[in-house]
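There are 2 protein chains.
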Amino acid sequence: MDTRPIGVFDSGVGGLTVAKEIMALLPNEKVIYFGDTARVPYGSKSKTTIVRYSQQIVRFLLTEDVKAIVIACNTANSYALEEVKEMFSIPIIGVALPGAEMAVNATQNYKIGVIGTEGTIKSEIYSKLINQINPGAEVIGKACPLFVPLVEEGLINDSVTEEIARRYLDDFKQKPVDTVVLGCTHYPLIEDVIQKIMGDKVYLVNPAFETAKNLKDLLIKNNIENSEINTNHHHYFYVSDRAEKFEEFAKIILNYPMMPVKQINIEDY
Amino acid sequence: MDTRPIGVFDSGVGGLTVAKEIMALLPNEKVIYFGDTARVPYGSKSKTTIVRYSQQIVRFLLTEDVKAIVIACNTANSYALEEVKEMFSIPIIGVALPGAEMAVNATQNYKIGVIGTEGTIKSEIYSKLINQINPGAEVIGKACPLFVPLVEEGLINDSVTEEIARRYLDDFKQKPVDTVVLGCTHYPLIEDVIQKIMGDKVYLVNPAFETAKNLKDLLIKNNIENSEINTNHHHYFYVSDRAEKFEEFAKIILNYPMMPVKQINIEDY
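Keeping their order, the protein sequence lines are chains A and B.
For any residue, its number in the numbering used here is found by taking its place in the first sequence, counting from 1, and adding 23.
For any residue, its number in the numbering used here is found by taking its place in the second sequence, counting from 1, and adding 23.
Because the hints were derived from the structure by calculation, they are not lab data.
Backbone N, C-alpha and C define an ideal beta-carbon position, used for all residues, glycine too.
Among the clues, some could well be false.
[Claimed, not checked] According to the in silico footprint, chain B covers these stretches of chain A (three or more CB under 8 Å from chain B):
# : stretch
1 : 65-76
2 : 153-165
3 : 181-187
4 : 232-238
[Unchecked claim] No farther apart than 25 Å at their CA atoms in a straight line, the calculated lysine to any residue pairs in the SDA-like style are these:
# : chain 1 : residue 1 : chain 2 : residue 2
5 : A       : 285       : B       : 159
6 : A       : 43        : A       : 194
7 : A       : 145       : B       : 64
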């Protein structure tokens with residue numbers, strides 16, 4: 024029994040879809056969320072830069088006395104997970120491995136599609152993890168750079184988003200893949216559009232949900248769950264720049280009135 | 024006669040449209056371009072942050088012995104132009120004032136539309152400047168957040184870009200405005216789509232072109248033009264992170280084979 028909070032971080036708002044799944048699956052746990060809004064996006068930055076950013080964020084989260092950390096950002100997961108795991112003794116998990124494991128469990132024909140930002144697809148993180156689990160699986164990655172701006176513009180159920188999705192996902196229909204990993208934390212918000220284009224027979228893997236399940240196992244294994252009921256939603260949200268747009272978007276994703284968002288200077292950590 | 028280069032900076036690739044106009048209008052001048060690709064985008068960041076970034080970039084450009092600086096970024100222009108002008112003795116100009124002046128010259132009905140990123144529209148920089156020149160002009164701003172990602176995805180002449188443009192520009196047709204300022208350095212690349220939606224009678228102001236004219240006047244006034252012919256395109260390009268995507272995009276905008284792009288650590292300045 025451990026009442027300390029769970030640290031969750033992302034380059035911006037996207038990781039809130041992961042925080043949401045954690046809050047739903049583990050309602051007793053408190054979440055400390057950090058969104059690096061001053062330095063978003065991570066996708067176009069180098070490994071060295073992302074490792075430095077991730078170290079700073081872990082140091083900040085440790086000052087908030089977290090008991091475990093979830094890297095809810097595919098780029099930071101790809102570039103920095105191993106580095107920060109070696110550097111800090113606290114349990115740290117990413118979103119990619121739980122997503123990759125589920126994809127391998129779900130596929131029947133071993134043709135798996137992965138969609139994400141340019142950075143995530145170029146990093147081949149999902150392909151590598153999937154092929155570590157099953158070297159025979161064929162993984163087809165496709166960058167969908169417009170999905171994040173479309174979601175952030177609120178075009179969730181929109182003909183333009185559908186048209187763009189149709190263009191991006193055409194590649195997958197040729198193969199054909201039977202499983203698609205939503206390899207970017209924004210994508211669960213347009214899951215319906217993606218499902219519509221791909222058809223009912225394709226299984227969509229949401230790594231956010233798989234990560235929450237993974238975190239639950241980790242807390243149980245380490246005997247650090249919180250059994251104290253957290254009915255007041257004692258979650259805290261931090262950003263590195265301007266909280267305004269973050270709050271707006273967070274309310275849409277989390278669907279409950281939020282605590283005020285605090286701004287910190289992440290370069291101090 | 025002064026053979027030193029002109030410094031031009033932006034948060035990323037967009038300012039290259041300004042560099043392009045400068046190279047076309049002032050073919051003898053050498054350009055040192057800096058794109059802050061590690062910290063892009065500026066639009067969502069605070070004034071304090073943008074002033075600090077701009078100071079660092081001016082200090083870097085001074086190490087390259089520039090004779091004048093153009094802030095080819097609407098956000099940096101809006102938040103930091105006055106601050107850096109006070110701090111450094113070198114001539115520094117932005118893109119917004121030349122654009123605002125041209126808009127007031129061009130309008131017949133004194134209803135002027137301004138399009139840009141959320142940051143630029145919220146800053147009201149064009150409205151303020153236009154109303155300083157002519158307090159009677161009505162200025163209608165409209166943020167078009169998807170234009171930058173659409174342009175960067177290469178959807179220049181595309182039905183999706185046209186559909187999005189139609190939605191964004193509907194407001195202007197109601198008023199109706201007779202002049203529209205392209206208040207973001209990416210927008211000249213989709214000028215044709217915007218012109219098509221707005222119709223032939225609406226005058227589009229390209230601040231990049233107006234800024235090049237303004238710079239020419241400044242060089243003449245200060246007697247610091249370069250009369251030595253620069254046939255070899257001796258321009259230099261610097262970025263703060265990963266040059267790859269920058270080079271790709273720069274070739275499209277500038278339309279000539281570029282010098283290799285160098286990466287520097289801007290936090291050192």
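Now the hints, each set against the structure:
| no. | hint | in the structure |
| --- | --- | --- |
| 1 | 65-76 | holds (count 4) |
| 2 | 153-165 | violated (count 0) |
| 3 | 181-187 | holds (count 4) |
| 4 | 232-238 | violated (count 0) |
| 5 | 285(A) with 159(B) | violated, 41 Å |
| 6 | 43(A) with 194(A) | violated, 31 Å |
| 7 | 145(A) with 64(B) | holds, 21 Å |
Going through the hint list in order, the structure does not satisfy hints 2, 4, 5, 6.
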